[in-house]
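Chemist: If you count the sequence shown from 1, you need to add 9 to reach the numbering used here.
To be clear, the hints were calculated from the coordinates, so they are not data collected in a lab.
Quick caveat: nothing in here was measured; it's all calculated off a predicted structure.
Fair warning: there could be bad hints in the mix.
Each computed DMTMM-like pair below joins lysine to aspartate or glutamate, with the alpha-carbon atoms no more than 20 Å apart [as the list claims (entries may be wrong)]: (1) Lys37 x Glu15; (2) Lys156 x Glu169; (3) Lys123 x Glu136.
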Amino acid sequence: MIAYLETRCNELKARYYHSEPDLQLSTKLLANEKIENNHVLSSTDMQTLLSLLASHPNGVIHYSDTLEGVVESSNNLGIVTLNSGGTLSLASLCRSASNSERDIHANRIASYQKQHQLNSQSEKALEINIHGAYPGWQLANDNALVKQGLQLYQHLFNKEASLQVIHAGLECGLISETYPDCDIISFGPTITGAHSPNEQVNIKSVAKFWQFLTHFIVLNKSVEP
10 MIAYLETRCN ELKARYYHSE PDLQLSTKLL ANEKIENNHV LSSTDMQTLL SLLASHPNGV
70 IHYSDTLEGV VESSNNLGIV TLNSGGTLSL ASLCRSASNS ERDIHANRIA SYQKQHQLNS
130 QSEKALEINI HGAYPGWQLA NDNALVKQGL QLYQHLFNKE ASLQVIHAGL ECGLISETYP
190 DCDIISFGPT ITGAHSPNEQ VNIKSVAKFW QFLTHFIVLN KSVEP
């Protein structure tokens, strides 16, 4: 078994070398260590769990109907934990630019998980919690701030700005949820590897960002909040 797992690990590392060059997979034989009976899945439950993980919604769920190539909704099955006491926890991050679509997909995933109940003889009921919803933010076609920002960028740097939509959580969603009629724009320096140990910022782009920000503030200093 150990030999098989090591072979499989090497195959996965070779397969994902370009996207995950630092991928590390390890196995450990626990035959001579004390293992609690309530911390081990039965063969039947293990097969059910593997079936669930193999077919569980993960990755892109839906692309935007208006912006080509932009992800609108996705789910990330990030953490699977077998807790001491015999409980199994699956943590997913479901997000979308549309709050209604996010909720629909979250409830659909919850219904899917209920179909894969482990240990049907257990008296413990399956518990599913949906919490920590992060609001989406959809770009309005008539956003005056965005139009103004594009014009200012052209004026300052003599080239068109790159207007992009990203599939990520932004404070803009929280602000727009409280002030739905407020125009919002998001811009900043060039950052790579965000929220990871490899996060970096392009120093030259910081100076460019500051120049744009100060001019943008002056341009709107007389606008009432």
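Chemist: Take the hints in turn and mark each one as holding or not.
Modeler: Hints, verified against the model:
1. Lys37 x Glu15: Status holds; Cα separation ~10 Å.
2. Lys156 x Glu169: holds, 12 Å
3. Lys123 x Glu136: holds, 9 Å
Hint compliance for this structure: every hint is met.
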